[in-house]
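Line by line, the protein sequences are chains A and B. Under full-length UniProt numbering, the first sequence has 562 at position 562, and the numbering climbs by one with no breaks. Under full-length UniProt numbering, the second sequence has 98 at position 98, and the numbering climbs by one with no breaks.
Please keep in mind that the hints were generated in silico from the structure rather than gathered at the bench. Warning: the hint list may mix true and false statements.
Derived lysine-lysine pairs resembling BS3-like cross-links, with alpha carbons at most 25 Å apart [as the list claims (entries may be wrong)]: (1) A/Lys921 x B/Lys392; (2) B/Lys380 x A/Lys954; (3) B/Lys278 x B/Lys223; (4) A/Lys921 x B/Lys352; (5) A/Lys151 x A/Lys954; (6) B/Lys288 x A/Lys77; (7) B/Lys392 x B/Lys321; (8) A/Lys77 x B/Lys352; (9) A/Lys1009 x A/Lys77; (10) A/Lys628 x A/Lys675; (11) A/Lys1009 x B/Lys447; (12) B/Lys447 x B/Lys428; (13) A/Lys954 x B/Lys349; (14) B/Lys428 x A/Lys954; (15) A/Lys954 x B/Lys278; (16) B/Lys109 x A/Lys1009; (17) A/Lys986 x B/Lys424; (18) B/Lys447 x A/Lys954; (19) A/Lys654 x A/Lys628; (20) B/Lys447 x A/Lys112; (21) A/Lys210 x A/Lys658.
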Amino acid sequence: MSSNKKYWKSVEELNENSSIVDALRSNEFVEEIPTDSFLGNADKLNATGTSRRDFLKFVGFSTAAATLAACEGPVHKSIPYVVQPESVIPGVADYYATTVFDGYDFANVLVKTRDGRPIKIENNKTAGATFSANARVHASILGLYDNYRIKQPTIKGKTADFDKVSNAISKALADAKSAGKQVVLLTPTIASPTTFKLIAEFIAANPTAKHVMYDAVSSSAALDAYQQAFGTRGLVDYDLSKADVVVGIGADFLGDWQGGGYDKGYASKRVPKNGKMSKHFQFEANMTLSGASADKRVPMSNYQQIQALLTVYGVVTGTGVSGNVDAKYKDAVSKAAQQLKAAGSKGVLLCGIDDKNAQLLALAINAALTSEAYTTAGTRLVRQGSNAAIAQVLQEMNAGNVGVLITSHVNPVYSLPKSYGFEAAMKKVPTSVFIGLRSDETAVASSIVIGSNHYLESWGDYSLLKGSYALAQPTIRPLFSANKQFEDVLLALTGRKNLSYYDYLKANFPVVSGGLSWGKVLHDGVSGTYAIGQSTGVAVGDAVTALSAAKSEGPYELNLYSKVGMGDGQHANNPWLQEFPDPITRVSWDNYVTVSKADADKLGLVNVNVANGGLNGSYVNLTVGSAKLEKVPVIIQPGQAPGTIGLSFGYGKKEGLKEEMQIGSNAFVLYQNFKSSLPVSISKADGEHEFACVQLHKTLMGRGDIVKETTLEIFRTEDASKWNVAPMVSLDHSPVKAVEVDLWDSFDRSTGHHFNLSIDLNACTGCGACVIACHAENNVPVVGKSEVRRSRDMHWLRIDRYYSSETTFEGDNEKKENFDGLTGDKGSLGGFLELESASENPQVAFQPVMCQHCNHAPCETVCPVAATSHSRQGQNHMAYNRCVGTRYCANNCPYKVRRFNWFLYNNNDEFDFHMNDDLGKMVLNPDVNVRSRGVMEKCSMCIQMTQATILEAKRSGREVRADEFETACSAACSSGAMKFGDVNNKDSEVASFLKDERMYHLLEHVGTKPNVMYHVKVRNV
Amino acid sequence: MKLPGISPLISKTSLFTLLLLVVAQFATQAQAPAAAAPAAAPAAAAPAAAAAPAGAGDPVAGKALFNANCAACHKLDAKMTGPALRGVAERLDKEFLYKWIKNSSEVIKSGDAYALKIFNEYNKSVMTAFPQLTNADIDNILAYTSQPIEAPAATVAGAVPGGPVAEDGSTNAIILGALILVLAILIFMLVKVNSVLTQIAKNNGTLPEPKAAGTPIWKAYAKNQFLVLVTAIFLLLSSAYFVYGYLMQIGVDQDYAPIQPIHYSHKIHAGDNGIDCKYCHSSARVSKHAGIPSLNVCMNCHKNIAEFVGDKDSTYTEYSKEFYTAEIQKLYDAVGWDKTNQKYTGKTKPVKWVRIHNLPDFAYFNHSQHVTVAGIECQKCHGPVETYEIQKQFAPLTMGWCINCHRETEVKMEGNAYYDKVHKELSKKYGVTKLTAAQMGGLECGKCHY
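This is chain B alone, in the form it adopts within the complex:
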């Protein structure tokens, strides 16, 4: 249960403080990007020199081909299963590349020294042969790999948004300043008007006589026992209301979002990349626990994804690319993956995640019952996880919340032979075609408490 009525109270009293804070915020934000921009600038200059004349190929078609065929094992600027490929056309002979790409093991067999060197360097893993690629295709790919690094453009682009933001801040400040000024003028004018009117009244002699001192209002109030009683009852009742509200939220950790040892973004994984929940939380299908995926599951993808290259969507401005890449590095440290040598070191350091959903021990909950049998979407209890940058507890996880769902949810019975007989008998008994979990006995104490 939420705390009733307290938050509006608080917000009212602290409105002014907030207003001040907002003003301060704009001022600091205006400073930050300006400082960041110069730092990034020197990095931009260097790679531009690497730009080489592209061959006959079409880099756009090459990019598509590269992503379809090569990207599983190669990156442009970093080692993966295979070497980094930027500028490979400049390093090596084109004929050699044609041969190598079409059938690398042939080249190795022929005893080519360079081929052998590469083969041994990369753990003797044979590169898949691509006989289907024509020389033109390969030219296209090489044209793509010979493109200069785009990084500087990105950095420059990064600096640009800083400008408007700064301007924006100052505009706001100006508007605010003007408003305050207007307000001040208004107050000044009111005071002025008042004093002028009083002066006029005085001059006209119509100034009212000061009243004789009667009983002060608080004394009159204190004397009226009925009013005191009513107030006391009102105060008692309202404080009881708040105390009850406070007590009822003890142990309810809705919106609990602890800081995790690795900043894991469900938004990037489940949202942007559309990874199915049960790809990682596979035991939710068969076990009572949804399970936190073991690190080897992470490495299924992250063996190849060593850095964050997400869309330059404004939603990520909160965290920088470097930040995300550093978080991936934390995973590597935990699982013991040596990124540069593409090897497991064997030194592991299990991740101590902070558990968010904590059911009390006396409540039995089984994921497989809900996920596999009932076919309930994970989001029903866990909220729009695919939009969560930081995972939090969506549902209150109180018994009332469970029970309510059991009352409302119709049991998915179609195609499950277990329910055939029960469904026939129960639907006859209750005279309904759809049965809720409650009608199936889902409200009995012992179904969850044993």
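Just chain A, with the same shape it has in the complex:
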């Protein structure tokens, strides 16, 4: 029998008279849902004639219309030339030799142009082309297509044509002349003989004019020292290929020290040949590229560096001078000094201390050694700025003595400390003329603004080294016809409006080039000769006494430096460089204060990894004298000298760049008296900064088969099987070499080409030129800070940086091997935790990693649609149009080199970088696909380049030459760490590398049989 029990949901129901119960019986809710309040304006809604049915009709119609419209294929137009230039064949790349010098970076380069637009910078390998392109020079091509460039001259913010502008300037010059006021021409260092001539003519026409060169990041101390010693305002162009012992004191010569560009010579001595390699000591405060490559790195403050320099000076010259070196450094310093002295002419000392006396001592030490790296070297003219001259200009401006200020390609409003008050001083100048690329801080403060041509649109000549001569030529017609290069402006101002700088340059060529052929120099880009040698007589005067008087100031010491990616900040609007992860910290899209672990603990500063994998860090406020910099994020940097902090230039720009790029803190604010080393006080600020750091695991945790390394001693004396251990696996319960076990049948690769890429960890300095070259060659998208933070960076080629947690990597391995049990002294539980954090002064190793093009590729076997497949030539192919985006391949890749397009990165306002505007897109390589959303991509081993090389050979009916094959990264590598080639060609370099006993493959025990090989890092300790 069924029961008649009454079930009730609430006590309210028991009350029969309740209105709520009544209401609930007929309605779901007691009260009417207030739909009107969230539907917005109810009246308006009622008033419109669009009913729900109409809405559905609209939806239906538009869907149908869109579907129908989609059936029609797009019509493509092809517009040929009316008159085709003889040298241009559509689809065939042309190369032009030119010279880059923007006041900071310089290089002899080849510019690859396709269909009339420059798309890539390559190194010029002609004899005499001394300077290779660094990461910034490689990226500078994107600066040409920068939508933020000035496109039209303006007078007080109103656009005007150039004639009007030049008339206005001429009038201002005439006014200044009659009023007896000064005309100041403020430029970066100009190493151009013809521009100097033109400036001299300008000064002759305007007798009150003077020319001042201003380097944003000053090398004035070294220049003053060199000038005092030799009379020329220049720098020694050390030839490190002649040095067996290199002692660096505060000099990041693999970075930007005195212009940088020392990788090639340095690396040539770092690869052990016949059991020999150079020995490198580095004494420095910040962890730099040079310190990372050093055999013995001693972190010490600037003050201690001065003492070390004095000590080395005493030992080398035998004058008995001795610095007050701290006890803990004494050993290392005296060992370095003695080895340097013993090396004699094969030794060299490089000094980066920002002090004229210290620089004098450095010259004297090298002179005393009769160092070949010094005596046979040329003289660099790439830095000539003077701190004193800038101070003088400021004084004159403030006194109202300057009638016209012409700034060209400098941004003093940004790059001088605020306390200098340059902007205020500019207000006292009646006419300020700005010539430059972007509407930066100085342009905003100037009354007349002229857009300059990019160096790829300009003519020019350079004498980067004393006695050398190089030409710069345009590779494209000026994109903005209203713009003028600096020299053309000067020609107009000296009454030669109709003369082009090209004609002027060509007319002046016989005078400055010393009988060279114009055609040949234009073709080669450079002439091979330069003046050699510095004299060995260097009078130090009272430098020693002056230096000895140096005091250690506290509480902390700030060491300002320029970052590999950003330099002096000229390229702040370059998305490639913003996204380029710093080789040391692996942080992109930021600058930060680097502090040592000890100091961080003391100040309560932290770096933490949050749940999404991002890195967060504390903020600090910095005070130098009266200058303050607030809320600067902190990175705890292993190897930072305790008591010092580091901060890089080039960030914190606010004018003339996209919002995304207006990031970081402006270190120039603290750059008092152009001293890179300053006493600073630090206080912790509130909040946490979100970094975009691409590498969270700092150490290898004893996994010796990723970065293999050994010491020169062991390398020389022991068998390769001892220091380059082949990984073993178990087969039928007996150990066999991992490379001999196979699950798959192998392809027959004996016929045709078989490409291999060789990477020598000894030669790699981590400079990152390859990363940017890869970006440019392969149309790799920029994804922005927040995406990088989510580990969605798209770099096909990354340079992993590993610290050791013991003093050496070998120590890490030993420690791991000796784990015993879970807990206790040798317990793995605590032991692994310890291995995770880098030691105070860790060893550093750089390892470029890209797709390893495994012969037995794990990615290929898991692709459900066979989008990634193997070729006989050793390349692992990726057919983007076939990929459906399952990402199985990325998950199955042991090297984590595959990159997924989470979004559409081109033509998308969410990713407003160069691929989102028509101008920026001109840099794209037409031979490589631009990938779309939802597909996987990765390094292709530049298959477009290898195929082009093969085709070239086929067309000419010849075999491919031994080392003809190149990839973008190997071509960009100036240190020779990356070599690419065909191992089936027995004459090729890589074929011999394959047999080298230092050769190993990454994660060999996995059995992937990669086509990228590495070479064991050997340290000369």
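For this one, chain A is given, so just place chain B on it according to the hints.
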């Protein structure tokens, strides 16, 4: 892939409409030429008066000499590098002409007023000296240049074909009309026979009884579930077949022949005049793009060819001479060539051609690989271009089409040192003497997709 089976269906259903259209066509065609003929007639009369008695020369030999020596710079009726030459013998003294043709710069030096005038008028370009021509030769040439214009004959001849065409049309119409009449008579007769037979049957009383109404066939069909199922499956399968066929031809633009801004006939250039493809598409030899020739390449010839003078081949009847000449004028407008003054004006207007062969961005194709290295004829992929009045896409340009060719085509290795070693090794491996592109690795994804 072509649409399977749809076209016959369509054609069947629309057969009748087509038939009607054809009839209409003949009727209109018959009218057109008749209207065109009178318009051309007045032009014929005028030049006939210019006919002058030829000198002692032979105009036929003169024509040959003219084409060999003079035609590069002179035309009979239009200015080119030099002046128009028709009737020059009547304008000028013969002795002067002898001297001028044999060595014009001598005449200019001598200070002859007329010679100087001509020299200055034509941009001071010196006429090539022809000392090898005898006076007799020159007479022959002058005889040729003094011939009257043939134009009227051509116009008359043009009118003639109109006649037969008109007759032809009416004959067809008559035949058709007769056929329809016959058909109508037949139908009429059949109806008649039928009614007569029925009448006879009725009279004989042998007319069959009308059947009792059974189940209608459609009802019986609907009741038979098996049949319904079979039909449903059949319909589904056949519609799937058509849908698949439809989907597979999306994005395949075979036979795409867009209207171009200038009517450029490959038939005239590559066919009739036998110009090599790579004369204009020169970058096909060295570049990934075959390239659309820049306009200065056109002007290499068209500086001298200002009007269409093609053979009066019936194939050109679709377009008139005036039409072609107007198209050449479009080229002149684009390149900025002033035909009358034989000068570039500097005012250019680049031609926006409609691109016919569009490979998707993800497929890399290099012309030089196929043209120079493999030595493949352009026609293999682009079809018999030399017969195309309007250029179209010949090949489907699908991946299957590419792959198929790579499977079948033997790589041309002889005389190319690049292949020597590879050929030796591969032919040993596969045991063959000829290698296909596929065996060389031409099917690997990355060879075309990167």
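Check: Does A/Lys954 lie within 25 Å of B/Lys447 when you go C-alpha to C-alpha?
Finding: With a Cα-Cα distance of about 15 Å, the restraint between B/Lys447 and A/Lys954 holds, given a limit of 25 Å.
Next item on the list: Quickly compare the C-alpha distance for A/Lys210 and A/Lys658 to 25 Å and report which way the hint goes.
Entry: violated (35 Å)
Note to self: What's the verdict on B/Lys392 and B/Lys321, does the C-alpha distance respect the 25 Å limit or exceed it?
What the structure shows: holds (23 Å)
Next item on the list: Starting from A/Lys986, check that the Cα of B/Lys424 is at most 25 Å away, please.
Entry: holds (17 Å)
Next item on the list: Would you mind confirming whether the straight-line C-alpha gap from A/Lys954 to B/Lys278 stays at or under 25 Å?
Entry: holds (19 Å)
Next item on the list: Would you check the hint for A/Lys628 and A/Lys675, treating anything up to 25 Å between C-alpha atoms as holding?
Entry: holds (16 Å)
Next item on the list: Assess, step by step, whether the Cα of B/Lys288 is no farther than 25 Å from the Cα of A/Lys77, and give holds or violated.
Entry: holds (18 Å)
Notebook entry, point to check: Are the Cα positions of B/Lys447 and A/Lys112 separated by 25 Å at most?
Noted result: With a Cα-Cα distance of about 23 Å, the restraint between B/Lys447 and A/Lys112 holds, given a limit of 25 Å.
Next item on the list: Compare the distance between the alpha carbons of B/Lys447 and B/Lys428 with 25 Å, and conclude whether the hinted pair is satisfied.
Entry: holds (24 Å)
Next item on the list: Measure nothing beyond the straight line between the CA atoms of A/Lys654 and A/Lys628; if it is 25 Å or shorter, mark the hint as holding.
Entry: Satisfied, since the Cα-Cα distance of roughly 17 Å is no more than 25 Å.
Checklist line | Agreement of B/Lys380 and A/Lys954 with the hint, judged by alpha carbon distance not exceeding 25 Å | finding: Holds, because 21 Å separates the two Cα atoms, which is no more than 25 Å.
Next item on the list: Compare the distance between the alpha carbons of A/Lys1009 and B/Lys447 with 25 Å, and conclude whether the hinted pair is satisfied.
Entry: At roughly 22 Å apart (the allowed maximum being 25 Å), B/Lys447 and A/Lys1009 satisfy the hint.
Of the numbered hints given earlier, the model fails hints 1, 3, 5, 9, 13, 16 and 21; all others are met.
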